[in-house]
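> Here are the chains, one letter per residue:
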Amino acid sequence: MYDPVIKACSHVLIHVPGFVRYGSKPSREIEDSPTSLLPTIEAHLRTFEQAVEYPPNQVFIGNLHPDHLNSIEQPWYRHPVANASRCGPYGEIMPEEEFLGLMKLADDFDLMWLDKEAMPMLKEALQSHSLWKNTDLGKLDTAVENTRIRDRIQNDGSIPLYHRGCIVGCMHRHHEKDDALKAAVLMENLMAKTSGALALAHLLQNADIRADEVDLILNCSEEAVGDRYNRGGGGLAKAIGEMCRCVFATGCDIKAFCVGPIYALVQAVGLVKSGLFKRIVVVGGGSLAKLGMKFRGHLAKDMPILEDVLGGLAFLVVVNDGESPLIRLDSFGKHDIGSGSSQQSIMESLVVKPLHRMGKKITDVDRYAVELQNPEVTVSAGSGNVPLTNYRMIGALAVLGGEIQSGEIDRFVLEHGMPGFSPTQGHIPAAVPFLGHAIDAIKRGEIKNAMFVARGSLFLGRMTQLSDGLSFLIEKNPGKKSGGD
Amino acid sequence: MFKGKKVIVFGERDGVPGPAIAACMKAAGAEVVLTVTECFV
Amino acid sequence: MDTEKQAIIKKLVDDVGTEDLVVVIGAADPEVAQVTAETVTFGDPSFAGPLAGVSLRLPVYHILEPEVKEAVPQDMYQEQAGFMELVANTQEIGKIFKEIRDRIRET
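Protein chains in written order, with the numbering used here: chain U, 34 to 518; chain H, 13 to 53; chain L, 382 to 488.
To be clear, the hints were calculated from the coordinates, so they are not data collected in a lab.
Be careful, since some hints might not be right.
Stated by the list, open to error - Quick list of in silico lysine-lysine cross-link-like pairs, DSSO-like style, CA-CA up to 30 angstroms:
#: 1; chain 1: U; residue 1: K271; chain 2: U; residue 2: K166
#: 2; chain 1: H; residue 1: K18; chain 2: L; residue 2: K386
#: 3; chain 1: H; residue 1: K15; chain 2: L; residue 2: K386
#: 4; chain 1: U; residue 1: K386; chain 2: U; residue 2: K481
#: 5; chain 1: U; residue 1: K58; chain 2: L; residue 2: K391
#: 6; chain 1: L; residue 1: K391; chain 2: U; residue 2: K386
#: 7; chain 1: L; residue 1: K476; chain 2: U; residue 2: K334
#: 8; chain 1: L; residue 1: K450; chain 2: U; residue 2: K58
#: 9; chain 1: L; residue 1: K392; chain 2: H; residue 2: K18
#: 10; chain 1: L; residue 1: K450; chain 2: H; residue 2: K38
#: 11; chain 1: L; residue 1: K476; chain 2: H; residue 2: K38
#: 12; chain 1: L; residue 1: K450; chain 2: H; residue 2: K15
#: 13; chain 1: L; residue 1: K392; chain 2: H; residue 2: K38
#: 14; chain 1: U; residue 1: K386; chain 2: U; residue 2: K334
#: 15; chain 1: H; residue 1: K15; chain 2: L; residue 2: K392
#: 16; chain 1: U; residue 1: K334; chain 2: L; residue 2: K479
#: 17; chain 1: L; residue 1: K476; chain 2: H; residue 2: K18
#: 18; chain 1: U; residue 1: K149; chain 2: U; residue 2: K166
#: 19; chain 1: H; residue 1: K38; chain 2: L; residue 2: K386
#: 20; chain 1: H; residue 1: K17; chain 2: L; residue 2: K386
#: 21; chain 1: L; residue 1: K392; chain 2: H; residue 2: K17
#: 22; chain 1: U; residue 1: K172; chain 2: U; residue 2: K334
#: 23; chain 1: H; residue 1: K38; chain 2: L; residue 2: K479
#: 24; chain 1: H; residue 1: K15; chain 2: L; residue 2: K479
#: 25; chain 1: U; residue 1: K334; chain 2: L; residue 2: K391
#: 26; chain 1: L; residue 1: K476; chain 2: H; residue 2: K17
#: 27; chain 1: U; residue 1: K476; chain 2: U; residue 2: K394
#: 28; chain 1: H; residue 1: K15; chain 2: L; residue 2: K391
#: 29; chain 1: L; residue 1: K479; chain 2: U; residue 2: K215
#: 30; chain 1: L; residue 1: K450; chain 2: H; residue 2: K18
#: 31; chain 1: H; residue 1: K38; chain 2: U; residue 2: K367
#: 32; chain 1: H; residue 1: K15; chain 2: L; residue 2: K476
#: 33; chain 1: L; residue 1: K450; chain 2: L; residue 2: K386
Claimed, not checked - To list a few chain H residues with every Cβ distance to chain U over 10 angstroms, as calculated:
#: 34; residue: M13
#: 35; residue: G16
#: 36; residue: K17
#: 37; residue: K18
#: 38; residue: R25
#: 39; residue: D26
#: 40; residue: V28
If you're wondering where the values come from, they're calculated on a predicted model, not measured in any experiment.
Glycine included, each C-beta is placed from N, C-alpha and C at the ideal position.
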């Protein structure tokens, strides 16, 4: 009766070159050699236009299909998309000056000060944005003198905020001795909130529903909001919902490393199916920590630092509308605790088992979305092509199942896979950036189904050697008459 | 070849994971002194 | 290889010595595996971490090399690693690792 569908998606990017220095890797290395490294990093940052024209970014917001990347010569950063738009069917690429103003809007504790001289430019930038022009931007009027900002930076450990090389504000800590509330952590959390809110605002627009129609929000970002007694305590789902005026929604945060978005979707699907909630938003904001993660490799190859964007995703799960692709409830594949560490048994749990349950073969799935990290970011830094390896694994499963010959794996990858196009933002590349493309292609009848497979590295938290994974399949909606139970 | 050796294992999440290599090494008679699984993303 | 892992290895070598110590790698991408292998044999190629300029010269193998496969009981190998032979370029990996071990012997 309540078969769930993913009715709408939003995929956004925010170009934040001024924050690359605060990514985990760059900030640690700049600390070691501040005078020599920072100018080199700054010389390798991209302009907003370059970020917009970058082919994988155009794929992310939906202006290009992922397959299109196969026909663009690499390196992609040397082959910009002509007449590229910052807006796409799934979202937008937002420039830093708009995002800084949006961060201030998201700031409910005066954590962030904006410079009085920079404020008019930041306010004007946000005022011209279609999603925020009718919002009360009064918070931006609380800007302060540059001397006060410099004083706080010098004497109180506040972090300077840069835009185009100038200090345009600062972030404060909110407790003298609480590491969970220090400026760097609050900045990370505020950026996750703000980018998540941007994704949600686009989702509401794309789905054409009012904010007060949403009744549950599940946040799957990779931040850890909380204080010293409650690190990672949560609350970002409601913070994002509040900013977008989802006044009749409640919500909570779902944590599962890179698999977070899929766990959140599983729960949304179950809760819609049960009838407990009707319109559930899954939302994930971006990761400051992962900016510039592979910058060393990019500098070594004298290429631009490509990890200069935050990602944001949002999905709306509702009861069968008779047209959006159905999420098969018998399609969920899970990596059980007892699955072991062998790659074969993990991939069989995620791909083969659920397909067998549905009476399908591996080659019956038209498109697989795996972890979709942009290979240009990772290969250049000696980290390999993650999507390609995962696609080859699925191809190898098809070989073991006797569906294809071992010499056909490359062709399988080309036909059932796609090049990675997502920034390396942890949970953001987790298969779901293909959802927008998949939903549209299924609706247009170009493909009949798509499977989403995400992997998580639980061992990074040092509490278990386990990794994780989760998968599901969406398929063409047969229409209202046959869509019910 | 590995009998009696002390082995450091560097697995990869998207390759052969650390614990899988460690299981092979133990079966080959080695003592595994460190198991690491790398995740490059 | 990140600096934290380099520090762990350096400490381990300081504690147990290099005798009888072997490194086995599992990265699917030959180039990625090569970087890890060279770091533990000839030192950190980026000269940034604790193994910068530290040539440990540890014998290094990849789990997907034929001679490693032969040294592991076959049922265990098939269960834990065999699948990745279909995925990774084992020929390329074998060539790279043999070359690295030859270099250790020569230098």
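> Are the hints correct? Go through all of them and say.
Status of each hint after checking the structure:
no., hint, in the structure
1, U:K271 - U:K166, "holds (22 angstroms)"
2, H:K18 - L:K386, "holds (17 angstroms)"
3, H:K15 - L:K386, "holds (25 angstroms)"
4, U:K386 - U:K481, "holds (20 angstroms)"
5, U:K58 - L:K391, "holds (21 angstroms)"
6, L:K391 - U:K386, "violated (42 angstroms)"
7, L:K476 - U:K334, "holds (25 angstroms)"
8, L:K450 - U:K58, "violated (36 angstroms)"
9, L:K392 - H:K18, "holds (15 angstroms)"
10, L:K450 - H:K38, "holds (13 angstroms)"
11, L:K476 - H:K38, "holds (25 angstroms)"
12, L:K450 - H:K15, "holds (14 angstroms)"
13, L:K392 - H:K38, "holds (22 angstroms)"
14, U:K386 - U:K334, "violated (42 angstroms)"
15, H:K15 - L:K392, "holds (23 angstroms)"
16, U:K334 - L:K479, "holds (27 angstroms)"
17, L:K476 - H:K18, "holds (24 angstroms)"
18, U:K149 - U:K166, "holds (20 angstroms)"
19, H:K38 - L:K386, "holds (22 angstroms)"
20, H:K17 - L:K386, "holds (21 angstroms)"
21, L:K392 - H:K17, "holds (18 angstroms)"
22, U:K172 - U:K334, "violated (43 angstroms)"
23, H:K38 - L:K479, "holds (23 angstroms)"
24, H:K15 - L:K479, "holds (20 angstroms)"
25, U:K334 - L:K391, "holds (28 angstroms)"
26, L:K476 - H:K17, "holds (23 angstroms)"
27, U:K476 - U:K394, "holds (22 angstroms)"
28, H:K15 - L:K391, "holds (23 angstroms)"
29, L:K479 - U:K215, "violated (49 angstroms)"
30, L:K450 - H:K18, "holds (18 angstroms)"
31, H:K38 - U:K367, "holds (28 angstroms)"
32, H:K15 - L:K476, "holds (24 angstroms)"
33, L:K450 - L:K386, "holds (26 angstroms)"
34, M13, "holds (21 angstroms)"
35, G16, "holds (24 angstroms)"
36, K17, "holds (21 angstroms)"
37, K18, "holds (19 angstroms)"
38, R25, "violated (5 angstroms)"
39, D26, "violated (5 angstroms)"
40, V28, "violated (6 angstroms)"
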